[in-house]
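Put together the whole structure using the sequences plus the hints.
Numbering (full-length UniProt numbering) for the sequence shown: 1 to 638.
Derived by calculation from the structure, the hints in this document are not laboratory data. Backbone N, C-alpha and C define an ideal beta-carbon position, used for all residues, glycine too. Some hints could be false.
Quick list of in silico lysine-lysine cross-link-like pairs, DSSO-like style, CA-CA up to 30 Å [as the list claims (entries may be wrong)]:
#1 K504 - K565
#2 K581 - K505
#3 K620 - K599
#4 K581 - K620
#5 K30 - K54
Restraint-style ranges between C-beta atoms, simulated for each label pair [to be verified]:
#6 Q61 - A398: 37 to 47 Å
#7 W499 - P573: 54 to 64 Å
#8 K107 - K30: 51 to 61 Å
#9 P401 - K47: 50 to 60 Å
#10 P245 - T400: 34 to 44 Å
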Amino acid sequence: MDFADGVDDATKQRVIAETDAESQPLRDAKEIKETATGQTVVASAEKLTPTEQKSVVRDLQADPAVVSAEPDTIVHRATAAWQDNPSDSYFSSQWNLRDIDVPAAWKLATGKNVTIGITDTGITSHPEFSGKTGTGYDFVSGDYDRDGTGGRDGDPTDPGVLNSSENWHGTHVAGIAAAKTNNGLGIAGVAPDARISMARSLGTGASGYQSDIADSIVWLSGGTVPGVPRNPNPSGVINASISWPSGTCPQIMKNAIDSAHARNVPVVVAAGNTGTNADYATPSNCLGAIVVGATTTNDIITGYSNWGSMLDIMAPGGAVGAGQVFSTWNNGWSQPGAASYRYMNGTSMAAPHITGVIALMKERNPSLSVEQIRSILYSTGTYNAGYRTVDARAAVAAVTPQYRLEGNIKRFYDANGGAARFGAPTMNELSVTNGGRTQNYANGYGIYWTQRTGAHSLRWGSAIPNAFAAAGWENGWGYPDSEEASAGAGARYQSFDKWFDDGKKPIAFWKSGTGTFTVERRYNIGKYWTSHGAQSGLGMPVSQEKRIGDTGAYQFYRSLDGQWKSTLVMWTPQRGAHAIKQYGAIGASWAAGGRETGKYGWPVSDEYRSGNTMRQDFSKGWSLEYDLTTHNTRAVRS
Numbered sequence: 001m002d003f004a005d006g007v008d009d010a011t012k013q014r015v016i017a018e019t020d021a022e023s024q025p026l027r028d029a030k031e032i033k034e035t036a037t038g039q040t041v042v043a044s045a046e047k048l049t050p051t052e053q054k055s056v057v058r059d060l061q062a063d064p065a066v067v068s069a070e071p072d073t074i075v076h077r078a079t080a081a082w083q084d085n086p087s088d089s090y091f092s093s094q095w096n097l098r099d100i101d102v103p104a105a106w107k108l109a110t111g112k113n114v115t116i117g118i119t120d121t122g123i124t125s126h127p128e129f130s131g132k133t134g135t136g137y138d139f140v141s142g143d144y145d146r147d148g149t150g151g152r153d154g155d156p157t158d159p160g161v162l163n164s165s166e167n168w169h170g171t172h173v174a175g176i177a178a179a180k181t182n183n184g185l186g187i188a189g190v191a192p193d194a195r196i197s198m199a200r201s202l203g204t205g206a207s208g209y210q211s212d213i214a215d216s217i218v219w220l221s222g223g224t225v226p227g228v229p230r231n232p233n234p235s236g237v238i239n240a241s242i243s244w245p246s247g248t249c250p251q252i253m254k255n256a257i258d259s260a261h262a263r264n265v266p267v268v269v270a271a272g273n274t275g276t277n278a279d280y281a282t283p284s285n286c287l288g289a290i291v292v293g294a295t296t297t298n299d300i301i302t303g304y305s306n307w308g309s310m311l312d313i314m315a316p317g318g319a320v321g322a323g324q325v326f327s328t329w330n331n332g333w334s335q336p337g338a339a340s341y342r343y344m345n346g347t348s349m350a351a352p353h354i355t356g357v358i359a360l361m362k363e364r365n366p367s368l369s370v371e372q373i374r375s376i377l378y379s380t381g382t383y384n385a386g387y388r389t390v391d392a393r394a395a396v397a398a399v400t401p402q403y404r405l406e407g408n409i410k411r412f413y414d415a416n417g418g419a420a421r422f423g424a425p426t427m428n429e430l431s432v433t434n435g436g437r438t439q440n441y442a443n444g445y446g447i448y449w450t451q452r453t454g455a456h457s458l459r460w461g462s463a464i465p466n467a468f469a470a471a472g473w474e475n476g477w478g479y480p481d482s483e484e485a486s487a488g489a490g491a492r493y494q495s496f497d498k499w500f501d502d503g504k505k506p507i508a509f510w511k512s513g514t515g516t517f518t519v520e521r522r523y524n525i526g527k528y529w530t531s532h533g534a535q536s537g538l539g540m541p542v543s544q545e546k547r548i549g550d551t552g553a554y555q556f557y558r559s560l561d562g563q564w565k566s567t568l569v570m571w572t573p574q575r576g577a578h579a580i581k582q583y584g585a586i587g588a589s590w591a592a593g594g595r596e597t598g599k600y601g602w603p604v605s606d607e608y609r610s611g612n613t614m615r616q617d618f619s620k621g622w623s624l625e626y627d628l629t630t631h632n633t634r635a636v637r638s
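In structure tokens form, the structure reads like this:
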């Protein structure tokens, strides 16, 4: 029941005590819990008939301290049939996925980074769920809880409900929504990369209190439930394959669904399996829930599916007999046994198809509102006989992606101009080689991050990033360890680090009319360039380093001092690295003599001053001297 605002605990206890004394059906009434949405749950020592419940409700509502009261009805999951002879063809048996074009939807999304919340009979261990199940909770109250704990606890495992047609219902639902795919066994779920959070709310006979179901919905969506630890990983969508007769939506269920929607979490519910108007079943008659009816292999509503204006969308539920839905199961009876698979039918099976499709949609855009989701499901669905059947590919394709910013890349993004500079993200972060992360943005930028280099950006379409891509991306040059910057004289540069493979540490330079070339800092010529002032000394490379057989290597540079002077750095293993100043007299004489294969050979020193001359020594026993007074150059024997 709901008390009026401002009613204190003493008044609440007075109302309960007076009703206990005056209301004939009630025996030893006491408050047993407060629900997540603020209702007080009161229990009688003896169970009341529906007529007695109505009498107590009238007595409670007569007190001015009480706003509303309703029975905490014992409810059941939406019943379904099953058969003991599943096909062993696994994915080929999943007509239901092909029927709504799920495989095509996987090209757009697979449910990554989305948690599917399920309130049901619990879950059992299964290879299809390995590594996929997150935090769960058991909300089943004591008299329906047969797991040995006598009430609520942190273990959502299904202990079995002792009913052959209702055992392992939550396990079957979870498999339809999110079983793994491409794992070499079994089936595929609609959202194979989504995680699963199970809230056990149905116990013996697949029955339970609606207050427990309501609390489980609030908890799965990230809300607070008195006495229950907060869910550390709230769900992005919740599945409730549950249905029970009720002429109106109980206030406690309405509050729970509204609470989830306030956190932008849709609650997907089964329409029910009595073949009647869904207006007279809960929670399908709760405004705001996404209500799912069941179709056959022929895409028509099944004979058992509830119908009417409350239905939002249809999905495969299967017919009785042939054409049922194949999913995860357990071979146990009074306790869990071996993991297995089985066929079932029902709106319970239809609902998790929609839940899975919503998980695909929310991977593309986590900020979708409940009403946007409802509208997209309907507008992209296939029309048939008054209802719309979900088209998974069309629904996912209709979602404009909205990607997340997070972690170290987000910190760099925010600190370096954010959306004004980079634009909105056009993808979620991608894991790349050797622990790296990357993300691209609408204004043409990409950001890379590693633990070693930190975060740095590249402007796709500009010269250095184009060369980076042509060289093999991070597998070619490694990761950027600086921002692109001016090197002077119209040149640009950016450095990279490939520590994880060959240890390369290239710096890329670009200048209009010259192109993009790299200096390899790890190699001998690069070390020479670094030790002689780098771009402030020799300038920028205007060629790549080139090998000359096993003899040596060379690379050309141009100064960035405005004079564009050319220097050639040559290296041999015997003589090390030395520079030829091609713009000077010694360099010109050496070139005229046939360069390294001509008269003089390879340089064995840099230019150095000797008296009134500049001198450089070469490998074939010659030195070239330049007279600083006469400006003449001559060759002498070393």
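Now the hints, each set against the structure:
Of the supplied pair hints, the one linking K504 and K565 holds, its CA atoms being roughly 27 Å apart against a limit of 30 Å. Straight-line distance between C-alpha atoms of K581 and K505 comes to about 25 Å, which keeps the hinted pair within the 30 Å bound. A C-alpha spacing of about 7 Å is found between K620 and K599, which places the hinted pair at or below 30 Å, so the restraint holds. Among the hinted pairs, K581 with K620 is consistent with the structure: their alpha-carbon atoms are about 19 Å apart, no more than 30 Å.
Restraint check for K30 and K54: satisfied, since their Cα atoms lie roughly 18 Å apart, inside the 30 Å limit. For the pair Q61 and A398, the supplied restraint of 37 to 47 Å holds, since their beta-carbon distance comes to about 46 Å. The hinted window of 54 to 64 Å between W499 and P573 is violated, with their beta carbons roughly 24 Å apart. Range check, K107 to K30: Cβ separation about 57 Å, and the 51 to 61 Å hint holds.
In this structure the supplied range 50 to 60 Å holds for P401 paired with K47, their Cβ-Cβ distance being about 52 Å. Between P245 and T400 the beta carbons are some 40 Å apart, a value that agrees with the proposed interval 34 to 44 Å.
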